[in-house]
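Enquirer: Chain by chain, the residues:
Protein chains: 2
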Amino acid sequence: MEKEVNIAVLGLGVVASGLIENLAMAKDKTRQQTGMRLSITKVMVRSKEKRRAQAEKYQLAFTTEMNEILEDPTIDIVVELIGGTSDAKRWITQALQQKKHVVTANKDLIAQFGNELTAIAKDNDVSLLYEASVAGGIPILQNLNTNFIADEITGIQGILNGTSNFMLTQMAEKEISYDEALETAQAAGFAESDPTNDVDGWDAVYKLMILVRLALGKNLSLNDIEMQGIREITQSDITYAQNFGYQIKLLAQAEKKAEKIHASVTPVLISQEHPIALVKNEMNGVFVESKFIGSSMFYGPGAGASPTAASVLTDILRIAQSKESNDPALQMCSSDLPQGELIRKGPTLNYFVLTNCKVDIKDFLVKHQVNPLMIQQGIENDEVAFITERLSETEKKSLKGQVKQVSNIKQILSIWED
Amino acid sequence: MEKEVNIAVLGLGVVASGLIENLAMAKDKTRQQTGMRLSITKVMVRSKEKRRAQAEKYQLAFTTEMNEILEDPTIDIVVELIGGTSDAKRWITQALQQKKHVVTANKDLIAQFGNELTAIAKDNDVSLLYEASVAGGIPILQNLNTNFIADEITGIQGILNGTSNFMLTQMAEKEISYDEALETAQAAGFAESDPTNDVDGWDAVYKLMILVRLALGKNLSLNDIEMQGIREITQSDITYAQNFGYQIKLLAQAEKKAEKIHASVTPVLISQEHPIALVKNEMNGVFVESKFIGSSMFYGPGAGASPTAASVLTDILRIAQSKESNDPALQMCSSDLPQGELIRKGPTLNYFVLTNCKVDIKDFLVKHQVNPLMIQQGIENDEVAFITERLSETEKKSLKGQVKQVSNIKQILSIWED
Chain F
1 MEKEVNIAVL GLGVVASGLI ENLAMAKDKT RQQTGMRLSI TKVMVRSKEK
51 RRAQAEKYQL AFTTEMNEIL EDPTIDIVVE LIGGTSDAKR WITQALQQKK
101 HVVTANKDLI AQFGNELTAI AKDNDVSLLY EASVAGGIPI LQNLNTNFIA
151 DEITGIQGIL NGTSNFMLTQ MAEKEISYDE ALETAQAAGF AESDPTNDVD
201 GWDAVYKLMI LVRLALGKNL SLNDIEMQGI REITQSDITY AQNFGYQIKL
251 LAQAEKKAEK IHASVTPVLI SQEHPIALVK NEMNGVFVES KFIGSSMFYG
301 PGAGASPTAA SVLTDILRIA QSKESNDPAL QMCSSDLPQG ELIRKGPTLN
351 YFVLTNCKVD IKDFLVKHQV NPLMIQQGIE NDEVAFITER LSETEKKSLK
401 GQVKQVSNIK QILSIWED
Chain A
1 MEKEVNIAVL GLGVVASGLI ENLAMAKDKT RQQTGMRLSI TKVMVRSKEK
51 RRAQAEKYQL AFTTEMNEIL EDPTIDIVVE LIGGTSDAKR WITQALQQKK
101 HVVTANKDLI AQFGNELTAI AKDNDVSLLY EASVAGGIPI LQNLNTNFIA
151 DEITGIQGIL NGTSNFMLTQ MAEKEISYDE ALETAQAAGF AESDPTNDVD
201 GWDAVYKLMI LVRLALGKNL SLNDIEMQGI REITQSDITY AQNFGYQIKL
251 LAQAEKKAEK IHASVTPVLI SQEHPIALVK NEMNGVFVES KFIGSSMFYG
301 PGAGASPTAA SVLTDILRIA QSKESNDPAL QMCSSDLPQG ELIRKGPTLN
351 YFVLTNCKVD IKDFLVKHQV NPLMIQQGIE NDEVAFITER LSETEKKSLK
401 GQVKQVSNIK QILSIWED
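If you read the protein sequences in the order shown, they are chains F and A. Per the numbering used here, the first sequence starts with residue 1, numbered consecutively. Per the numbering used here, the second sequence starts with residue 1, numbered consecutively.
Calculated directly from the structure, the hints in this document are not laboratory data. Be a bit skeptical, because a hint or two may be false.
Since the list gives no way to pick one copy over another, a pair counts as held whenever it fits inside one copy or between any two copies.
Calculated lysine-lysine pairs in the PhoX-like style (CA-CA distance at most 20 angstroms, straight line) [what the hints assert, rightly or not]:
no.: 1; residue 1: 29; residue 2: 257
no.: 2; residue 1: 397; residue 2: 410
no.: 3; residue 1: 260; residue 2: 29
no.: 4; residue 1: 29; residue 2: 291
no.: 5; residue 1: 27; residue 2: 291
Using the sequences plus the hints, can you model the full thing?
Expert: The following block contains the structure:
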């Protein structure tokens, strides 16, 4: 017997349009596979007039009033694709209170208010799912939830921001500057006119907060995550790194040791031999380290209308199927996770670039009891780049003080090791 | 309220021991997360005496009689880890008929008799799951089943055999011969004394048959899959390929065009820039191409006691959870899929190595209207290696005939392009 599932969509941007299109294409297949008929019965937009063509093409009913959705008892699932944390939060809350399931792609909202909203969902015995909020088309949240139940995750690393990864890849492959890479990204539609959110690490930090909840079972606040963007990465950094055998990537990472967490979003050097180094351009990749499985990686498009909409659609289907079998309402994680206690970052190999160095840097490092693993004469005449052995944060700070006395420090980055 | 789930394990080899160990470690966590208490209540072995130490350590009850398991009404799930297709098939059938759920890691069995066994499972309203049968610790089957329901998969490629991949990686990294790589693999426990199953492609072919059912919805017979192993790959092939910018990998691949399938397990050249080229040593990787998501990759350990046991445990938990919510019995795919109609392989770039070449190969190729993309003077004096433009199988055969007249052909391989 066929079952009707009625969906309301809030917003009609890129992802919402992708969802409408995917759903139209997949209608027959999902009906066959699941015995369910999914229909988008209402779409909330700011202006009905502007969207008339789209409304006619897909036979959509538009509304400008949230109440029309909240008060419509035929609507089972509300899909929030408006973004932001103000209206979106209010409307999701109202929808959950009206016993409607909610699917969202809103990472800012879930990172900051996921616990609160999950608690409301639970109280109302409905589901709140948000697969598309992290790593677009990669089903990472569901994988964390289903395939690691018995396993114990000790660390998670990801290339979670497509824009910055696109820029770093372009800088490496086309040998262009940061500014040129930003222009290319903007022209390709990957970066906004104000790129702060992507290049300074905010986007990846929000996604990491969500991942840490599901993978490591802890809440982190924004301030708990060390954050550094890619604005200071130069073309010459990328060249030095490549000569040393590394790629520079904006890496989101969290590790758990004895129930304490260290989490960061920073540019790091990654060995060219590591699978995550081949996550290029707008692609995303999430690497999971666990006790039973060891290393896993999930790779796919981190953004884009169709892949993101595919994740939204998967959430919709999960809700529809669980609804049918009267399972308890699905949640992606508990609403009462403990706040994560923090630990300092462990020792790392380090990459330094100095200018105006007044000494033989090898002798200098050895004299200060730091073993230089590799040294490169600079691209610019007065530069020198080198890699140190593993240093703790304290040792690194001390070394920084010492080299400052004999040179200018142009760059310091950590090297990430598996 | 806590629920008991009682498990019987057939066999006590590497994976079974891994399962017993993982389950002991994960007991508290799974109880917390799922409210279920999983116990291994019986283990079937050939000889009780030999295993006494293990029995005591984990407090296991051994039996040598399948009937003791079949007739025990407290046993919910039978985990088959014996391997082979004779006893295993009979015992799985009997267990299903006794309304016991079955989990297996047996790829040979599922590839050849998966449909028949799934039909029996369905008739008896119990589940038959086999996540561990393909790509060890990678949850690829479940991902195909859940995250691509609405999507349409057009192609799937995988490095599915850890042994051959370990050997090819060692040949590339250590610059050793095929024979030396085989010895290394045998010493490391990755290859058996008779390596046929791994190096000739059988293992990967069985896994590909299972993947094709879930990803492309078709049954293939063994004969439908083009198969070539890695015995003829030499150290010099690997060096030529690397100089051209490629890695040689034993790639399992299937693509669907207008509902027809081409499937093969063959050594191919893969660009060093492609993520699948970084699947090294005993690791596996499965690349999925689909309409909505585009490219996805799932990467992880392809074998090993603990990762494989982790996949078995995930299947056990899925069954336990679905049992609790009275869902219909889980199956990984339909038991009545249509037999796949076949198409020929599309045109590919090709890699040739010739010895004793009596002509200028560039002139010769151009004269025969084949555009050589790259040419390398041989490592051995009388060798020459080159890459041709894309050729159909017919064109390739014709070129083969022509170069045979002026040289000896030492190697021909296809190049795989994304």
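Enquirer: Give a verdict on every hint.
Expert: Here is what the structure says about each hint:
1. 29 - 257: Only across copies: residue 29 and residue 257 sit 17 angstroms apart there, 45 angstroms inside one copy, limit 20 angstroms.
2. 397 - 410: For residue 397 and residue 410, only the intra-copy Cα distance (15 angstroms) is at most 20 angstroms; the inter-copy one is 58 angstroms.
3. 260 - 29: between (45 angstroms within a copy, 18 angstroms between copies)
4. 29 - 291: between (38 angstroms within a copy, 13 angstroms between copies)
5. 27 - 291: between (40 angstroms within a copy, 14 angstroms between copies)
Checked against the numbered hints above, the structure violates none of them.
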